[in-house]
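J.: Sequence:
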Amino acid sequence: MTDADDTPMTPPTEEAPSSDVARGSGVALWKQIAERIEADIAEGRLKPGARLPTEAELAERFGVNRHTLRRALATLTDQGFIEATPGRGTFVKEPPLRYPITPRTRFSEIVSGEGRAPGGRVIGSRIEAADADIAAALKVPPGTEVLRLDMLREADSVPLTIGTHWYIADRCRDLDFIAAATGSVTRALEALGLGDYRRLETRITARLADEEERELLALPPGRAVMVVESINGDPKRQPIQFTRARFSADRVQLVVKN
1 MTDADDTPMT PPTEEAPSSD VARGSGVALW KQIAERIEAD IAEGRLKPGA RLPTEAELAE
61 RFGVNRHTLR RALATLTDQG FIEATPGRGT FVKEPPLRYP ITPRTRFSEI VSGEGRAPGG
121 RVIGSRIEAA DADIAAALKV PPGTEVLRLD MLREADSVPL TIGTHWYIAD RCRDLDFIAA
181 ATGSVTRALE ALGLGDYRRL ETRITARLAD EEERELLALP PGRAVMVVES INGDPKRQPI
241 QFTRARFSAD RVQLVVKN
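Numbering follows the UniProt record's numbering, in which position 199 of the sequence shown is assigned residue number 199; successive positions increment by one, without gaps.
To be clear, the hints were calculated from the coordinates, so they are not data collected in a lab.
Each residue gets a CB set at the ideal place from its N, CA and C atoms; glycine is no exception.
Please note that a few of the clues may not be correct.
Claimed, not checked - Ranges of calculated distance between the beta carbons of each label pair, as one might list FRET restraints:
1) Leu254 to Leu192: 26 to 34 Å
2) Thr54 to Pro95: 35 to 43 Å
3) Lys236 to Arg173: 16 to 24 Å
4) Arg23 to Arg207: 32 to 40 Å
Stated by the list, open to error - With a cut-off of at most 27 Å between alpha-carbon atoms, the simulated BS3-like pairs for lysine-lysine come out as follows:
5) Lys47 to Lys31
6) Lys93 to Lys257
7) Lys31 to Lys93
8) Lys257 to Lys139
9) Lys47 to Lys93
10) Lys139 to Lys47
11) Lys257 to Lys236
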């Protein structure tokens with residue numbers, strides 16, 4: 001397909017990709033556009049976290065139609081240079097966030113320590129009966145009432161992980177309401193006098209993201225998640241929290257500290 005759009009191109013600036021594409025050069029226009037944007041990222045004109053112009057603006061700048069522009073952006077996405085987040089736009093991809101797993105693992109502290117803004121929200125909560133796995137992790141009989149809390153956690157408004165947490169219901173009444181108000185599991189546990197919790201066990205696996213995870217984490221089909229199951233305990237090493245977190249595999253680097 002050839003492009004018939006001869007809209008005048010906006011002169012390049014230091015912040016924006018250059019717009020020099022050559023028709024009739026034998027190199028497809030979409031490939032030239034991808035190479036120009038890749039060069040601007042490599043040479044620092046587009047920095048990690050920078051928001052790209054809209055598709056309409058880029059199509060006008062390069063003098064091409066949306067079909068050609070989208071093919072270039074899809075190639076850059078597949079190569080890991082950029083990432084589209086629904087409702088926010090397309091951004092130069094940040095390097096993976098280092099996420100240390102230590103005896104004292106705190107999401108907000110880790111994200112803040114990496115120079116990013118932590119965020120979180122409760123996406124669901126309910127009382128349910130502990131199945132065999134949850135009961136074993138929390139050291140309670142199967143069928144014990146547990147509070148299930150589902151949270152989406154972000155860094156700079158980019159979703160990083162979906163965490164499903166289980167607590168012994170009798171010990172953590174109203175934790176879900178406190179977490180919803182503060183956006184933080186740690187603050188909620190502190191309010192209940194359980195803030196000094198420590199990591200007792202961590203298990204890490206990986207698999208393809210399911211449909212719900214792709215939607216919540218804004219992932220394209222075929223992307224993987226790292227599944228981190230952890231048990232946290234009080235100072236007496238009694239389990240108070242069992243968590244199954246699903247991290248976007250290409251946005252987070254898990255670092256296990258000995």
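J.: Evaluate each hint against the coordinates.
T.: For each hint, the structure was consulted:
1. With their beta carbons about 28 Å apart, Leu254 and Leu192 fall inside the hinted range of 26 to 34 Å.
2. Checked against the hint of 35 to 43 Å, the C-beta distance between Thr54 and Pro95 comes to roughly 25 Å, which is inconsistent with it.
3. Between Lys236 and Arg173 the Cβ separation comes to about 20 Å, which falls inside the hinted range of 16 to 24 Å.
4. The given range of 32 to 40 Å is broken by Arg23 and Arg207, whose C-beta atoms sit roughly 45 Å from each other.
5. As the CA atoms of Lys47 and Lys31 are separated by approximately 21 Å, the hinted pair is consistent with the 27 Å bound.
6. The suggested pairing of Lys93 with Lys257 holds, with an alpha-carbon distance near 26 Å, which does not exceed 27 Å.
7. Under the criterion of a C-alpha separation no larger than 27 Å, the hint pairing Lys31 with Lys93 is consistent with the structure, at around 19 Å.
8. Pair hint Lys257 plus Lys139 holds up; C-alpha atoms about 26 Å apart against a cutoff of 27 Å.
9. A threshold of 27 Å between alpha carbons decides the hint, and for Lys47 with Lys93 the separation of about 9 Å falls inside it, so the pair holds.
10. Distance check on the hinted pair: Lys139 and Lys47 sit about 48 Å apart at the alpha-carbon level, beyond 27 Å; violated.
11. Pair hint Lys257 plus Lys236 holds up; C-alpha atoms about 22 Å apart against a cutoff of 27 Å.
Figure legend: structure checked against the earlier numbered hints; hints not met, in rising order: 2, 4, 10.
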